[in-house]
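If you read the sequences in order, they're chains A and B.
Taking the working numbering as reference, the numbering of the first sequence is continuous, increasing by one, and the terminal residue is 743.
Taking the working numbering as reference, the numbering of the second sequence is continuous, increasing by one, and the terminal residue is 1543.
Misleading hints may appear alongside valid ones.
Taking CB as the label site, the calculated pair distances span [to be verified]:
#  : chain 1 : residue 1 : chain 2 : residue 2 : range
1  : B       : Pro1169   : A       : Glu283    : 50 to 60 Å
2  : B       : Val1471   : A       : Pro672    : 51 to 61 Å
3  : A       : Ala564    : B       : Asp1294   : 25 to 35 Å
4  : B       : Asn1339   : A       : Lys540    : 33 to 43 Å
5  : B       : Ala1155   : A       : Ser382    : 16 to 26 Å
6  : A       : His381    : B       : Pro1169   : 53 to 63 Å
7  : B       : Lys1175   : A       : Glu565    : 49 to 59 Å
8  : B       : Glu1192   : A       : Lys540    : 13 to 23 Å
9  : B       : Gly1196   : A       : Glu283    : 33 to 43 Å
10 : B       : Ala1155   : A       : Asn402    : 43 to 53 Å
11 : A       : Leu627    : B       : Lys1438   : 23 to 33 Å
12 : B       : Gln1319   : A       : Lys540    : 46 to 56 Å
13 : B       : Ser1406   : A       : Ala645    : 41 to 51 Å
Taking lysine-lysine pairs in the BS3-like style, the calculated list, with each CA pair at most 27 Å apart, reads [said to hold, decoys possible]:
#  : chain 1 : residue 1 : chain 2 : residue 2
14 : A       : Lys634    : B       : Lys1537
15 : A       : Lys660    : B       : Lys1269
16 : A       : Lys602    : B       : Lys1326
Think of the hints as simulated: they come from the structure by calculation, not from any bench.
Glycine residues also receive a C-beta, built at the ideal position from the N, C-alpha and C atoms.
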Amino acid sequence: AWTPGWSVFCLVLLTVALGAQALTPSHHLSLSDVDRLKGLLSQPFTDLASAYYSIVGLSKLGASVADENDACQFLKAQLDPMSVDSLFFAAEASQAIADCEVSIFNETRDILLAAVSEDSTVTQIFRAVSALSSLGLPLASQEVVAALVARIAKEDNVLAITTALQTATRLSQQAELGGILEEIEDLAARLDDLGGVYLQFEEGLEATALFVTAAYTLSDHADTEPPLKEDQVIQLVNSVFSKKSWDSRSEAFSVACAAAALSSNRFHVPVIVSTQGPATVSHSQPILHLLVTDILSNPLASANLLVESAQAVASKSVVLSQAPFSLRNGIFELNFMASQPASGYYQFTVAVTGDSRLVANQVELKVKVSTEVAVTNMDLSVVDKDQSIGTKTSRVDYPFKAKGSFTADSHQNFAMNFQLVDANTGVELTPHQTFVRFHNQKTGQEVVFVAEPDSKNLYKFELDTAERKSEFDSMSGTYVLHLIVGDATLENPILWNVADVVLKFLDEEAPAAIQSKTLYMPKPDIQHLFREPEKKPPTVVSNTFTALVLSPFLLLLILWFKLGANISNFSLSPSSVLFHVGHACMLGLMYVYWTHLNMFQTLKYLAIIGSLTFLAGNRMLAQKAVKRYGQSSTLTFFTRSTCEN
Amino acid sequence: LECTMDAFLCLTSAYFPKWRRGHQTYKRTLVLLDNLNIRDTHSIFFRSLADRGFDLSFKTADDPSLSLIKYGQFLYDHLIIFSPSVEDFGGNINVETITSFIDGGGNVLVAAGSDIGDPLRELGSECGIEFDEEKTAVIDHHHYDVSDPGEHTLIVADPENLLKAPTIVGNPSDKPILFKGVGMVADPDNPLVLDILTGSSTSYSYFPDRPISQYPHAVGKNTLLIAGLQARNNARVVFSGSLYFFSDAFFNSAVQKATPGSQRYAQTGNMELAEALSQWVFKEAGVLRVGAVTHHPVGESTPPAAYTITDLVEYSVVIEKLSKGSWVPFDGKDIQLEFVRIDPFVRTYLKKNGDKYSVQFKLPDVYGVFQFKVDYNRLGYTHLYSSTQVSVRPLQHTQYDRFIPSAFPYYASVFSMMGGLFVFSIVFLHMKEKEKSD
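This is chain A alone, in the form it adopts within the complex (with noise of 0.2 Å):
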């Protein structure tokens, strides 16, 4: 049994939903994809190869190059008449262009011969008999079948049988095709079966779709039925047309091929059915309009169609069978709504028929019948848990907002009571979606809650404040309400803005800080705050005293003066300079050490000035003590004696 897999989609087809026993072909080429791949066919060519697959290719899907006569003077010009390839595409695309002839030497139906042998690859054997073909010289049949039959068996490969395939399309019919023909069913074998739906080469695409062309063509040339069965038709249709957007000209070429082959072929046709428009019928359409088309989305006006039986999908019960559909420009049609079905899905079983060669005509649609909703009775009350007061009840009408707003505490229920009815029928609906939302427009947050129906499809929705203050994060505030009605079979789906409702919760908390919010924000910025210096005394008080502490000095000076003293005993002599003048660069130096230096550099100055000033002093001295004791003595002495002083 096959299931809708997911990978069964193509947008055209999004419109028709399939069953689950038959399987249909779920891809094909809508009318945009075939305009598509003749833009990409379109495309200016540069080579007698990109000319071939884009003549041939728009000739496959009913079209033409845009101008004829350039592509036939570009093909003339670009002919190398000694080669086989040439020559093919030349030929070929020649074929394709009314009145347009290659012209032919002498010599090019040898070389052409000379090409059909078992020397020669698959392909050139093939390029050859089909260039001999179209340019309509003479060539024995049997003997290309025999070097093809040798070149299989060396080259057994899918893209070598099915170009063997394609040569055998070339030759008179009385030529024993039977054993190449043989080859399609081998090469049918080798397909890989993807998931039941897909059937493919593992070659690619391509070699999926130029065998599909060739099967076909050469079972139309030998006028025997191609051994695929029903199921592998449908699964090569899937695979070769589920690309829509091809690579490249020769890709393209071989899906056009294929579709060509697929859509006129004597034994197999590929029906696709697929609704105009969305699968619905309401009160309003109550038309079903299907397009029963070919793999290229043209129609097939020789089929009849016939609903063979309609079943509601919910109920399983048969509304309509063996009804057929009326033909109108093309388009097949029944009114539905005739047979009064009431709203949701029906499984369709159509037949299409009319045409013995029509594969998958059995096909499984799902109809959606929808209608209009309408909401009615609304009405929104504030409860007192306990009842003793009693409710106020006030009546809303759709599509209007309540007058002034609602405001339900803590002690008190807010509740909403109301029912949807068909809004053609009267009967009640109970739809897929019936959410009340709440809507905190200054937080932006959203709660929403299901409202669910009672027995007799009434709607109550109560909201018990405070049971649901985890919900609303206790936020107290005004609450947008909205009631939302949805549901796939409803054709006005209702967005309506009841009423504004203040919602009062008890104990508040703040907002929690979201992280996720603040993670990728920039942070605050931070500025280092610097320790504030200390307050300080005034300055009076320190300059009063700095004053203080220089008085004894004045004093001493003052005293001195009356005490009379003097330097009367000075002598200017060079030691006693010295010595002073090094007493007061050290003195200095302590001033320096204070403001600049560090210690090391203060005792090497300090060790230079310092002796200099012990010697001088220290002569200064001795001077002093001859002068004093006015004898003469050995320096050593006065030293010594100077030292214990």
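With chain A held as given, fit chain B onto it using these hints.
This is chain B only, laid out in the frame that chain A set:
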């Protein structure tokens, strides 16, 4: 001899094909598919990846030869999982190896669908994303496309529901996004999950064919259609609830909301979004790195062994961004520098100055071991982190104030002492006493 050499080369390259690819790029990508046909139905997306130099290896998800890690080395840099329905990965891939792949810095793009299997749900849970159950779909009765097949699951997502981060979602455009698939919700405890695309207020996620009997898994704006994650190690993961989102059909489709009077757009925004997402998730966009970091006192050019408190310091850093495969200077306005000793003492914005970001500031009057720290974590960019350690010492004794007015009495006493000593020594040594006899 030449023949044998050739044959030998062929053999070696056949046995060790990874050798040749290993060095050059960081673009080896494993693509896991439900079936190989997805390569055709999603060819535009894969082609855009291939055009950007990704080396794509397509495998079906249940291929028994699958492996991500061999001999402790990752065989791929990126992983694309386009196989929503897989029940068991083939080979030695499972949810654990995928999470360890992410832990090892690998990037993963996951597309799911309504037929989501258990492995993808588990992988989602590992990354802080909870998928809804199998067979559910995101439903929006108010914003569905005109070509919806009937269940209102072909959703038109407004571009305004996209995350406001151009590095992730590309430049803003007004083209709506087509989506059909399963819904997700983010784990509220995981701050790293990014809500790349959310549903509208009227959307919800449930079984389309069953009446709602319990509260839906995701409702309103909580419904995530596309979610992302940048782990702490900068590995990136994107989860899309829809594989169709990446399909050729959705890329090329026209889009129009079914509501009467809606605008029709000739093309969806899917292609642009998918391309931007793939650039982000595979680290082609939003990747930053730190270049040279320099710091020195103002007026000097080299950093000292230790800074002194309250020094005026200049810090500069080069920050570069990966753009089309090369590194270009990054242009950011909110890069902050912190000066940290356990806690930040200073946090200030860096100013762009040529190719560098720099700032001058005064060091705090606190000593210790500090760090210059640039910790730039912004939406859509890799986490940029640079720290440089320096020590800050107190003032040397020579650097204090020499003459404080309040202490003048002390200085005066010292200098008067020194002056006194000098004068006294002169007077004492050279005074001529009067003759007592006089």
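Verification of the supplied hints:
no. : hint                               : in the structure
1   : Pro1169/B <-> Glu283/A: 50 to 60 Å : violated (30 Å)
2   : Val1471/B <-> Pro672/A: 51 to 61 Å : holds (56 Å)
3   : Ala564/A <-> Asp1294/B: 25 to 35 Å : holds (26 Å)
4   : Asn1339/B <-> Lys540/A: 33 to 43 Å : holds (36 Å)
5   : Ala1155/B <-> Ser382/A: 16 to 26 Å : violated (49 Å)
6   : His381/A <-> Pro1169/B: 53 to 63 Å : holds (56 Å)
7   : Lys1175/B <-> Glu565/A: 49 to 59 Å : holds (56 Å)
8   : Glu1192/B <-> Lys540/A: 13 to 23 Å : violated (47 Å)
9   : Gly1196/B <-> Glu283/A: 33 to 43 Å : holds (34 Å)
10  : Ala1155/B <-> Asn402/A: 43 to 53 Å : holds (47 Å)
11  : Leu627/A <-> Lys1438/B: 23 to 33 Å : holds (26 Å)
12  : Gln1319/B <-> Lys540/A: 46 to 56 Å : violated (31 Å)
13  : Ser1406/B <-> Ala645/A: 41 to 51 Å : holds (50 Å)
14  : Lys634/A <-> Lys1537/B             : violated (48 Å)
15  : Lys660/A <-> Lys1269/B             : violated (95 Å)
16  : Lys602/A <-> Lys1326/B             : holds (24 Å)
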